[in-house]
Amino acid sequence: MTNDVEMKENPVPSNPTTLTSHSTLHDLKEIAGLIETGAYSREVRRIMRAVRLTMALRRKLNSSVLFAFLSFALTPGSDAYTRISAYLPKEDEHEMEVDTATSSTQAPVKHPLPELEIYCYLVVLIFLIDQKNYSEAKACASASIARLRNINRRTVDVLSSRLYFYYSLSYELTSDLAEIRSDLLALHRIATLRQDELGQETLLNLLLRNYLHYNLYDQAEKLRSKAPRFEAHSNQQFCRYLFYLGKIRTIQLEYTDAKESLLQAARKAPVAALGFRVQCNKWAVIVRLLLGEIPERTVFMQKGMEKALRPYFELTNAVRIGDLELFKSVAERFSSTFNKDGTHNLTVRLRHNVIRTGLRNISISYSRISLADVAEKLRLDSPNPVADAECIVAKAIRDGAVDAILNHTDGWMVSKETGDIYSTNEPQMAFNSRIAFCLNMHNEAVRALRFPPNSHKEKESAENRRERQQQEQELAKHIAEEDDDEF
Amino acid sequence: MDPKLTEVSQLFERFKAALVRNDFDTCANLLSQLKVLLTGFRSLPPLFEDTPNAIHELTLARDIYEHAVILSVKTEDQDAFERDFFQLKPYYTDASGRLPQSPQEYIILGLNLLRLLVQNRIAEFHTELELLSSTALENPCIKHAVELEQSFMEGAYNRVLSARQTAPHESFVYFMDLLAKTVRDEIGGCSEKAYDYLSISDARQMLLFSSDKELADYIKEDHPEWEIKDGCVFFQKAKETAPCKEIPSLQLINQTLSYARELERIV
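In order, the protein sequences belong to chains A and B.
Under the working numbering, the first residue of the first sequence is numbered 1, with each subsequent residue one higher.
Under the working numbering, the first residue of the second sequence is numbered 488, with each subsequent residue one higher.
A portion of the hints provided could be inaccurate.
What the hints assert, rightly or not - Here are the computed lysine to any residue pairs in the SDA-like style, where the Cα-Cα straight-line distance is at most 25 Å: (1) 716/B with 734/B; (2) 226/A with 489/B; (3) 222/A with 649/B; (4) 680/B with 384/A; (5) 222/A with 672/B; (6) 377/A with 645/B; (7) 340/A with 580/B; (8) 576/B with 212/A; (9) 576/B with 221/A; (10) 226/A with 645/B; (11) 416/A with 686/B; (12) 377/A with 649/B; (13) 416/A with 723/B; (14) 630/B with 215/A; (15) 328/A with 619/B; (16) 328/A with 618/B; (17) 328/A with 367/A; (18) 328/A with 534/B; (19) 328/A with 582/B; (20) 680/B with 420/A; (21) 668/B with 399/A; (22) 668/B with 221/A; (23) 328/A with 723/B; (24) 328/A with 637/B; (25) 576/B with 179/A; (26) 576/B with 185/A; (27) 222/A with 566/B; (28) 680/B with 409/A; (29) 222/A with 532/B; (30) 328/A with 609/B; (31) 222/A with 582/B; (32) 630/B with 214/A; (33) 340/A with 637/B; (34) 226/A with 576/B; (35) 268/A with 231/A.
Since the hints were made in silico from the structure, they are not lab data.
Model, not experiment: these values are computed from the prediction.
Bound-form chain A, shown alone (with noise of 0.2 Å):
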């Protein structure tokens, strides 16, 4: 902890910088005094609370701020120093020199870190992207990441991983996506050999993504399946692989195990991350739909999310009802949301379970109907709509859709009496599954609770609960706005 003590010896710069540029410089040389005992100590948990008290400054760094910071942790002069700061805007030439100048006569001639270098580089580019400054930012990330390659350090971990996420952030804000897989590629390979799985779980996620912006679902899943797995580190990245699992599954016409994924990646998502929980949700409503299932209407109804899922409920609607004519005034009229979604072939997959639902109904309703109301109702628009519909119900009869018969010499479909379900299998099998269920919830749950390790091993100090205590708090507050960044 000499640190804290070095920086309460930091007199206050003389030169005039407002108070909140001056309580972040404050906050920010905190953080660097984090990074390093953790970096000494060899504590990964140190170094990602620093990345999460940064997220929290992120909305208050400026230049000034940034050159103080960098002439602080890094020795002026030094290698590091001049590149990283050749990335900044110069827009205060007078007040930077007064800023270096003084912290210069001050810094300790300390060793540079590599982990504080690292973690310049991660300030800096977030400072990039916030300004939109997208080119310096993209020529920061590749520097930061050519960096990167030369240190094997586990403390860097957290921080390189994040800023892989920030490179390829910055890459798909100009739309370049596709230049850097080939690196993102050596970056997993490298992460795999190094053991750094927090880097694999984040380049994985950024691999995917990279393909699925360009509709890559054959190359995605290629990948995804011979990467190696081992179990979450961090939530965001699991539930955002759990996300781009469930969209490759859907394509691939898996849609039960789709269907899991997309559900417990909007499950699991931080509440504050919205517009990743809608997406999930748009395409776990689309998911179901194929599946034959109704989305209940309070997945629609959930909070900041209606409008907008507007569309996905008329769909859902139409298709409840079985209407083909309302189902293609919807597909129409949504037709752009759809797209941008990149769930509009999906909808054109569902004309077939309206026409499905639209079959149940009837066969509901009625005992004996000709085929030529059944495409009446179904309002088949097509050349020759009784042969079809009778194709149809022949193959809705083959996939146990409806229970009936048909008669082709008098042009009929005949309902079979429903049964009594009761006399069946079926309630058995429904408990049995339901169950199972229930079970499996527990056996997880009892799974889940963790212990860190070493705790029965020593007793906690009372410093040491304090600084836990204060951690979880932050934990619990930054979480938050950590997620909200990301998504």
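Got chain A; can you put chain B on it based on the hints?
Quick look at chain B alone, frame taken from chain A:
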């Protein structure tokens, strides 16, 4: 001009001439020579090196592979089609920024979609579909395949069959014929579940046979469980027997035991 490029172009001209003559042996022979020669160019995928002749070479290579795909359709070789298509694909995706669009592109993509449909690889069909832009989806060749898939899923089989007449390109016909066979099996499968019986003439019409004898042969070969008597085809035997009334005791015991075990773990 680069002598290697000239050699390839000349060989390719001979290949095209042979393809027009429908001289498939010569074609196959020339094609394998061409493919070997293409490996000598460093500007082609996967290297994509920026050589001075890059655009020319890429265009030529794309042209060659497009013809290779067409050839494979003509020789009705689905495996060769798949191979050649995958070799061609990088030219459409990765090199799209550098080359003007090929006039053949949509035909080839449509053919590929149709192939996936015929081979019943629906998941891959949809994966490919996602790669297409909305303008591509409007193209008649692509639209044809997409509508076919929809009709196929719905069960509107006669629409699938009538689509043969509206095929947007001559090379589609081969796959449409294959599709007709798949459709016949599908209709057969649906009919045996949906009808109790069909008159022979109706069955013949539905299953798209031109004579009763073909129908009889088909039944004998593919569906021996169908019965022909009194001028009708009966599907009775193919129906499942009455639902089993027996209690699935073993399954129930297993389930109950597992509940007991789990509950014990909780308490």
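Outcome of the hint check:
1. 716/B with 734/B: 37 Å, violated
2. 226/A with 489/B: Answer violated: residue 226/A to residue 489/B is near 42 Å, above 25 Å.
3. 222/A with 649/B: 37 Å, violated
4. 680/B with 384/A: Judged against 25 Å, a Cα distance of about 23 Å means the pair holds.
5. 222/A with 672/B: With Cα atoms ~33 Å apart, residue 222/A and residue 672/B exceed 25 Å; violated.
6. 377/A with 645/B: 20 Å, holds
7. 340/A with 580/B: Given pair residue 340/A, residue 580/B holds - Cα atoms ~21 Å apart, limit 25 Å.
8. 576/B with 212/A: 18 Å, holds
9. 576/B with 221/A: Within the cut-off at roughly 18 Å; holds.
10. 226/A with 645/B: 42 Å, violated
11. 416/A with 686/B: Holds - the C-alpha atoms of residue 686/B and residue 416/A are around 22 Å apart, at most 25 Å.
12. 377/A with 649/B: Holds - the C-alpha atoms of residue 649/B and residue 377/A are around 23 Å apart, at most 25 Å.
13. 416/A with 723/B: 16 Å, holds
14. 630/B with 215/A: 19 Å, holds
15. 328/A with 619/B: 22 Å, holds
16. 328/A with 618/B: The hint holds at about 23 Å.
17. 328/A with 367/A: Violated, because 28 Å separates the two Cα atoms, which is more than 25 Å.
18. 328/A with 534/B: Violated - the C-alpha atoms of residue 534/B and residue 328/A are around 46 Å apart, more than 25 Å.
19. 328/A with 582/B: 37 Å, violated
20. 680/B with 420/A: 21 Å, holds
21. 668/B with 399/A: 20 Å, holds
22. 668/B with 221/A: Not satisfied, since the Cα-Cα distance of roughly 32 Å exceeds 25 Å.
23. 328/A with 723/B: At roughly 39 Å apart (the allowed maximum being 25 Å), residue 723/B and residue 328/A break the hint.
24. 328/A with 637/B: Between residue 328/A and residue 637/B the Cα gap is close to 14 Å, so the pair holds against 25 Å.
25. 576/B with 179/A: 19 Å, holds
26. 576/B with 185/A: At roughly 21 Å apart (the allowed maximum being 25 Å), residue 185/A and residue 576/B satisfy the hint.
27. 222/A with 566/B: 21 Å, holds
28. 680/B with 409/A: 16 Å, holds
29. 222/A with 532/B: 20 Å, holds
30. 328/A with 609/B: Holds - the C-alpha atoms of residue 609/B and residue 328/A are around 23 Å apart, at most 25 Å.
31. 222/A with 582/B: With a Cα-Cα distance of about 22 Å, the restraint between residue 222/A and residue 582/B holds, given a limit of 25 Å.
32. 630/B with 214/A: 21 Å, holds
33. 340/A with 637/B: Status holds; Cα separation ~22 Å.
34. 226/A with 576/B: Holds. Residue 226/A to residue 576/B sits at ~23 Å (cutoff 25 Å).
35. 268/A with 231/A: With a Cα-Cα distance of about 15 Å, the restraint between residue 268/A and residue 231/A holds, given a limit of 25 Å.
Comparing the model with each numbered hint stated earlier shows that hints 1, 2, 3, 5, 10, 17, 18, 19, 22, 23 do not hold.
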